Amino acid sequence: MGLAPAAHGGNRTGRMFTGDSSGDWVAKVLYQNGFSNKPTSTHSDDGFTLIDAYITAVLRCAPPQNKPLNSELENCSDYLKNELVLLQNVKVIVCLGRIAFFRICKILGIRGERFSHGHSFKWNEKIIICSYHPSRQNTQTGRLTWKQWNLIFKKTRELI
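Residue 191 in our numbering sits at position 138 of the sequence shown, with consecutive numbering throughout.
Don't read these hints as lab results, they were simulated from the structure.
Take the hints with a grain of salt, since some may be wrong.
Claimed, not checked - Label pairs and their calculated CB-CB ranges:
(1) Thr198 <-> Gly87: 13 to 23 Å
(2) Gln85 <-> Asp131: 11 to 21 Å
(3) Arg164 <-> Gly195: 16 to 26 Å
(4) Lys120 <-> Thr194: 13 to 23 Å
(5) Trp199 <-> Lys91: 13 to 23 Å
(6) His172 <-> Leu103: 21 to 31 Å
(7) Pro116 <-> Thr194: 19 to 29 Å
(8) Trp199 <-> Tyr107: 16 to 26 Å
(9) Asn90 <-> Arg164: 37 to 47 Å
As the list claims (entries may be wrong) - Dumping the calculated DSSO-like pairs for lysine-lysine here, alpha-carbon to alpha-carbon at most 27 Å:
(10) Lys159 <-> Lys91
(11) Lys179 <-> Lys81
(12) Lys179 <-> Lys207
(13) Lys134 <-> Lys144
(14) Lys175 <-> Lys91
(15) Lys208 <-> Lys91
(16) Lys208 <-> Lys179
(17) Lys175 <-> Lys144
(18) Lys91 <-> Lys207
(19) Lys81 <-> Lys207
(20) Lys144 <-> Lys81
(21) Lys208 <-> Lys175
(22) Lys134 <-> Lys120
(23) Lys144 <-> Lys207
(24) Lys81 <-> Lys208
(25) Lys159 <-> Lys144
(26) Lys175 <-> Lys159
(27) Lys200 <-> Lys134
(28) Lys159 <-> Lys179
(29) Lys159 <-> Lys134
(30) Lys120 <-> Lys91
(31) Lys179 <-> Lys144
(32) Lys200 <-> Lys144
(33) Lys207 <-> Lys175
(34) Lys134 <-> Lys175
(35) Lys91 <-> Lys144
(36) Lys200 <-> Lys175
(37) Lys91 <-> Lys81
(38) Lys179 <-> Lys200
(39) Lys200 <-> Lys81
(40) Lys144 <-> Lys208
Everything numeric in this text was worked out from a predicted model, so none of it was measured.
Quick reminder that beta carbons are idealized off the backbone N, C-alpha and C, glycines included.
Please put together the full structure from these sequences, using the hints given.
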C-alpha cells in the first residue's frame with residue numbers, strides 16, 4: 054500500500070508504481086520474490102502481472118509535493134475501505150511509508166502501533182508490515198537500501 058499514484062508514474066501511466074523510479078524498485082523486488090511475472094513495469098499494457106499481490110494506495114490522485122491534506126486523505130478513505138472489504142484473502146499488508154501506515158491503522162481501528170522500517174504485527178489474522186517508501190529521496194540518500202527493501206518482501210513471501 055503506497056501513498057498515491059506518482060505524478061510522473063501511476064498518475065501518468067494509469068497503473069500504480071509504473072514508469073518512475075519508485076515503480077522500478079517495486080517491480081524488481083516483486084519479481085525477485087515471486088510476486089510478479091517480470092522485473093520491470095513501464096506502462097499499463099507492458100504485460101506486467103502480479104502474482105499473490107495487489108497494489109493500492111491511500112490516495113487516488115497525486116498530492117502536490119507528496120504532502121496530502123487531511124481532507125484529501127479523508128475523501129479517499131471510503132475507496133480504500135471498500136477495497137479492503139473486497140480483498141477477503143489478504144494475509145499481509147505492506148505499508149510503504151508513514152502516511153500509508155497511519156492511514157491503514159486509522160481505517161482498521163488499530164491503535165498504539167508505531168511506524169519503523171521492518172516493524173510488523175498481527176491484526177485480525179493479518180500481518181501488517183512497515184517499510185520506508187521507495188521514493189528517490191529515500192533510496193538515493195541510503196535511508197532505504199536494496200537489502201532492507203528486499204528483506205521486507207522476502208518476509209512477506211514467507212508469511213504467505
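Indices of hints not satisfied (ascending) | Hints 2, 3, 10, 14, 27 and 30 are the ones this structure does not satisfy, whereas the remaining hints hold.
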